[in-house]
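J.: Here is how the chains run, residue by residue.
Protein chains: 4
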Amino acid sequence: MKVFATAAVLRKGSFNRKLINLAANKMREDGHEVDLADFAEFDMPLYNGDIEKTPDGALELARRISEADACVISIPEYNYSLPGILKNAIDWLSRMDDVPVAGRTMSLISASPSLVGGNRGLWQARIPLECMGAWLYPGMFSLAMAAKAFNDDGTLVDPALEERLVYVLRDYLTVTAAHNAR
Amino acid sequence: MKVFATAAVLRKGSFNRKLINLAANKMREDGHEVDLADFAEFDMPLYNGDIEKTPDGALELARRISEADACVISIPEYNYSLPGILKNAIDWLSRMDDVPVAGRTMSLISASPSLVGGNRGLWQARIPLECMGAWLYPGMFSLAMAAKAFNDDGTLVDPALEERLVYVLRDYLTVTAAHNAR
Amino acid sequence: MKVFATAAVLRKGSFNRKLINLAANKMREDGHEVDLADFAEFDMPLYNGDIEKTPDGALELARRISEADACVISIPEYNYSLPGILKNAIDWLSRMDDVPVAGRTMSLISASPSLVGGNRGLWQARIPLECMGAWLYPGMFSLAMAAKAFNDDGTLVDPALEERLVYVLRDYLTVTAAHNAR
Amino acid sequence: MKVFATAAVLRKGSFNRKLINLAANKMREDGHEVDLADFAEFDMPLYNGDIEKTPDGALELARRISEADACVISIPEYNYSLPGILKNAIDWLSRMDDVPVAGRTMSLISASPSLVGGNRGLWQARIPLECMGAWLYPGMFSLAMAAKAFNDDGTLVDPALEERLVYVLRDYLTVTAAHNAR
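Chains A, B, C and D, in that order, are what the protein sequence lines are.
For what it's worth, our numbering labels the leading residue of the first sequence as 497, then goes sequentially.
For what it's worth, our numbering labels the leading residue of the second sequence as 497, then goes sequentially.
For what it's worth, our numbering labels the leading residue of the third sequence as 497, then goes sequentially.
For what it's worth, our numbering labels the leading residue of the fourth sequence as 497, then goes sequentially.
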């Protein structure tokens with residue numbers, strides 16, 4: 497399958513970048529083609545309903561999602577909610593004639609230095625995506641205490657956690673293959 | 497397919513009973529077998545972690561969900577949230593060794609006399625169900641101003657709304673068939 | 497001030513009972529009168545809109561809230577949401593002519609053996625209470641890893657956490673005194 | 497009292513601008529000083545944790561909130577959630593040493609052409625604001641079917657709705673005065 501993967505963050509050293517890199521590697525090891533994007537590729541202004549032309553960055557994001565069979569996003573938690581940059585992108589996407597996430601499956605994951613691992617933010621991120629018609633995978637992998645979670649080679653210190661990540665990704669892609677073949 | 501259908505309410509004259517009855521009829525017209533349950537069949541006490549034996553009503557609810565291929569629940573909104581009786585049942589279900597909703601799809605619908613149609617309650621009901629591992633259909637049908645929405649024969653006054661309900665149910669069952677066949 | 501305090505749980509050995517006991521002790525040390533209730537005192541059936549007479553347990557809960565100046569509830573997290581027994585009580589309260597929480601302040605706290613400390617459940621508990629008109633204190637104290645958090649005498653092993661609890665309670669009661677005097 | 501008021505939207509013809517204008521007029525009629533801001537005054541880039549200097553627009557927003565005694569924001573609902581531009585501003589505010597909304601009261605209102613009036617978005621907007629320590633007024637005024645709700649002079653067609661708005665604002669400011677005087 498072709499999987500679109502990105503972390504909804506601009507900071508270079510973000511733990512969510514590390515996590516999506518690891519997820520991408522694991523999916524590639526399973527034989528999937530992964531389009532791993534830097535969210536900075538989708539540059540767009542703050543949403544303004546008076547701007548009639550959809551910005552290029554939003555169109556590019558829509559194109560990349562549309563061309564993939566599956567979509568995995570790693571999302572940092574800001575203030576118990578989703579990042580403004582992700583919601584801003586959703587606001588542009590939602591205005592398109594053919595909303596690119598409608599009817600597709602998505603899987604959300606998160607990493608955070610906190611004990612909670614960013615899980616509260618994921619629950620807020622689900623809402624606008626489900627509102628646009630996405631089927632969201634229920635088992636959201638959240639990596640807590642991320643500052644000590646990664647080895648230098650990008651794998652996880654705790655092999656049980658890494659196995660859990662692999663399980664979640666495989667289960668998501670299996671269901672998605674069936675979903676897309678309907 | 498075999499569909500389990502119920503309204504999470506005890507009141508006899510509830511609009512959510514009317515809505516699930518209509519949904520059951522529509523699914524039967526499409527050739528599906530519907531197990532339409534009265535939530536009063538699942539009598540159980542308030543959840544108490546000290547009670548070691550799972551109550552019969554919770555076991556019966558688990559059995560009925562497990563025996564079906566798909567699950568449609570009509571849920572009234574109480575105080576912008578899900579009904580206590582539904583959350584209480586979820587609390588019992590979640591303690592079982594083999595949580596019956598994990599890995600299954602579910603579709604939530606609602607009816608309400610208000611302009612909002614019970615939609616806020618559905619968003620709160622999703623959370624514990626997704627926590628237990630259910631895949632929830634994104635398009636939640638909410639019937640607003642339900643006091644004037646039904647004809648005497650149980651159909652909807654507005655044929656466009658009834659078509660929308662039929663579309664949502666068919667789309668849900670199509671995806672579920674693919675999901676279950678994986 | 498007179499403070500109503502309870503844990504929304506029936507299990508005898510619940511960490512939320514331990515936490516509300518500690519909170520009650522701390523408020524008493526500060527000179528407040530605390531009405532510490534066992535939730536089992538508020539026995540009531542599952543909500544049924546056809547029952548016209550409000551159950552005695554719901555009336556008693558309403559009376560106890562109404563007679564206090566402030567209200568602190570410790571709430572376990574079940575399935576990332578509030579307990580069914582609390583939502584069921586809210587469903588009965590919300591039907592009363594004079595909803596007892598409207599215009600009052602409330603403070604929610606939680607304890608859990610998990611790393612998250614029950615915090616996700618508190619965010620779901622806020623919604624129906626705010627819907628009924630309560631002003632909820634923003635800083636919700638959540639005690640993570642509760643199985644190892646308490647000393648035998650009911651105090652917390654970590655003095656910094658206990659100070660945080662005391663701070664939150666004092667700040668809540670200070671604002672509540674001003675709120676009530678308006 | 498001095499009230500900061502704004503609509504979290506850039507579109508010129510937004511119903512939320514109309515609603516905050518009306519709210520500002522009503523508060524001025526009651527003798528309050530209102531700092532009515534256009535959200536475009538708070539221009540700032542998409543949040544990037546690598547940018548060390550807080551943008552001028554975020555500093556200006558923080559200053560305006562800090563100088564006021566109370567804060568009323570009208571918030572459009574985008575995809576059942578808060579607008580990206582508001583969340584983006586919150587992300588910048590939350591990183592400041594002295595988070596300007598902590599310990600303050602806020603009142604959220606909304607307008608929308610839909611039957612729901614933007615109310616679902618307000619519930620998502622509460623979360624990051626409460627996370628930062630704001631006390632949010634529980635009664636959130638939502639103006640449904642906003643396309644037909646305003647007279648040419650900016651008042652509401654339905655006098656009962658306008659009375660309700662005035663009641664909510666007065667009640668909020670009364671509690672806030674007590675809150676601030678503690």
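What the hints contain is simulated information worked out from the structure, not anything from laboratory work.
Mixed in with the good hints, there may be bad ones.
Per the computed footprint, the stretches of chain A lying under chain B, defined by three or more beta-carbons under 8 angstroms from a beta-carbon of chain B, are [unchecked claim]:
| # | stretch |
| --- | --- |
| 1 | 613-626 |
| 2 | 629-639 |
| 3 | 671-677 |
Note that the Cβ used here is the ideal one computed from N, Cα and C, for glycine as well.
J.: Counting residues of the stretch 671-677 of chain A with a beta carbon closer than 8 angstroms to any beta carbon of chain B, are there 3 or more?
T.: holds (count 5)
J.: State whether the coverage of the stretch 629-639 of chain A by chain B holds or is violated, taking the criterion as 3 or more residues with Cβ-Cβ distances under 8 angstroms.
T.: holds (count 7)
J.: Is the listed coverage of the stretch 613-626 of chain A by chain B valid when you require three or more residues with a beta carbon under 8 angstroms from a beta carbon of that chain?
T.: holds (count 4)
Of the hints listed earlier, there is not a single one the structure fails to meet.
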